[in-house]
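Chemist: Work out the full structure, taking the sequences as your base and the hints as a guide.
Per our numbering, the very first residue in the sequence shown carries number 3; after that it's consecutive.
Simulated from the structure, these hints should not be mistaken for laboratory data.
Fair warning: this is a prediction, and the values are worked out from it, not measured in the lab.
It is possible that some hints are incorrect.
[Said to hold, decoys possible] Okay, the calculated beta carbon distance ranges per label pair: (1) Lys98 / Val52: 18 to 28 Å; (2) Val300 / Ser38: 56 to 66 Å; (3) Asn81 / Ala389: 49 to 59 Å; (4) Ala35 / Ser89: 19 to 29 Å; (5) Ala211 / Ser38: 37 to 47 Å.
C-beta atoms are modelled at their ideal positions from N, C-alpha and C, and glycine is treated no differently.
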Amino acid sequence: MKQLLLLLFVASLLMTSCDPAKDTTPQTILTIASSSDVPVGDWPDRGLPVDYIVKIQVNFSSGIVNVGKNVTIQFDGANASFNITGSAAVKMIGTKDQPIILEGITPTKGTWKGVLLNSSSSENIWEYVTIRDAGSTVDGAIVMSSIVNQKPSISNCLITNNKGYGVYCNSSSTLFTKFSNNTISDNSNAPIFLHLNTIQSLDSNNILANNTNKFVELHTLSYQLDESAIWNKQDVPYRLKGLIIKKRLELRPGTKLEFLPSTLMVVGTASTEVPAAVLIANGTPTQPISISGTVPNVAGQWEGVRVNSSSVEHVMNYCNIDGAGSVAGSCATFKSALTIGRRTSCTAILSKGSFTNLSITNSGGYGIAYRSSDNPVVSANSFSNCALANVFNF
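Modeler: Here it is in structure tokens:
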């Protein structure tokens with residue numbers, strides 16, 4: 003019986019191998035030189051070192067297109083790109099051993115345009131994708147500039163050797179559903195450009211340090227935080243043009259903030275109290291939170307931290323404040339690196355909260371200014387190179 007089954011199995015194999023209808027034509031690279039060449043549906047692995055060559059801007063405006071694992075797409079020309087708009091999604095899910103690669107026809111920065119993502123779909127999920135050699139005529143490898151509520155997921159991706167930014171997000175409504183374990187390196191600007199509201203969706207395990215500009219750059223017009231948020235530590239600082247906190251902001255241990263000259267960080271607003279504004283900056287001895295100017299150890303570069311909220315919830319613990327005290331600013335008659343509450347030059351604000359284990363260096367004015375009769379907790383702080391007294395009781 004077993005011999006009969008074996009003979010039947012061999013016969014079936016022979017019949018299958020001799021089937022004239024079976025296509026044995028070897029796969030070739032699919033070149034996309036016009037819109038008529040764009041595949042209908044998914045982009046599978048064609049089993050070649052390079053599966054697709056794209057010479058145009060490929061537009062996706064609806065539906066979901068899956069790019070298979072182990073696919074390599076080369077882009078040829080300054081306009082060659084993916085443009086994802088409307089409700090469209092390009093889902094690219096590779097693996098550690100079989101990543102998806104989007105690269106230039108030559109390994110040179112700016113060989114092709116990049117991936118333009120302006121879609122409201124949450125199905126734009128990219129895992130184990132390499133994007134390199136892009137940025138020819140746009141601001142980076144991945145560019146998000148639409149005002150639609152974008153919700154992409156980017157994880158375990160390598161974004162490298164691009165002209166401009168690695169990720170350029172010019173939309174205040176973008177929140178990543180996931181941005182985790184990515185390496186953004188060797189790009190000719192900063193690794194990421196984004197709005198304040200988007201910071202909260204960055205996980206802490208990204209590698210961002212090896213780029214021309216070694217900081218996460220914040221949009222010029224983005225300095226007011228209207229929603230509660232938690233900011234995770236990155237391996238580079240967040241560089242800000244100012245920060246107005248109107249809700250609750252928590253800075254995780256090890257987070258670094260850099261402020262451009264003559265800007266300030268204010269909890270509340272510069273002129274009025276905002277009771278809902280709360281700052282939680284609870285560092286540790288091994289992972290202090292850094293709040294500084296853009297150049298280390300230079301006095302009076304930026305205005306400083308002002309706490310214009312009388313909430314008792316404020317916590318600053320194991321924070322380093324460097325290079326502040328540039329100007330007195332509105333509603334103040336003195337310069338200080340950290341001002342807790344306010345005198346009556348405008349409306350008086352109580353000095354409340356806990357401010358401990360702070361290191362304040364290179365202030366162009368006082369180290370800390372506050373009203374001691376309001377009984378905030380201010381203790382175990384150290385000072386170095388403050389132009390005026392270390393502590394000023396107003």
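Chemist: Take a look at whether the Cβ-Cβ distance between Ala35 and Ser89 falls inside 19 to 29 Å.
Modeler: The hinted range 19 to 29 Å holds for Ala35 and Ser89, with Cβ atoms some 27 Å apart.
Chemist: Per the hint of 37 to 47 Å, is the separation of the Cβ atoms of Ala211 and Ser38 within bounds?
Modeler: holds (44 Å)
Chemist: Regarding Val300 and Ser38, is the given constraint of 56 to 66 Å on their beta-carbon distance met?
Modeler: Because 59 Å falls inside the window, the suggested range holds.
Chemist: Do the Cβ positions of Lys98 and Val52 conform to the proposed distance bound of 18 to 28 Å?
Modeler: holds (21 Å)
Chemist: In this structure, is the beta-carbon distance linking Asn81 and Ala389 contained in 49 to 59 Å?
Modeler: With Cβ atoms ~55 Å apart, the hint holds.
In this structure, none of the earlier numbered hints is contradicted; all agree with it.
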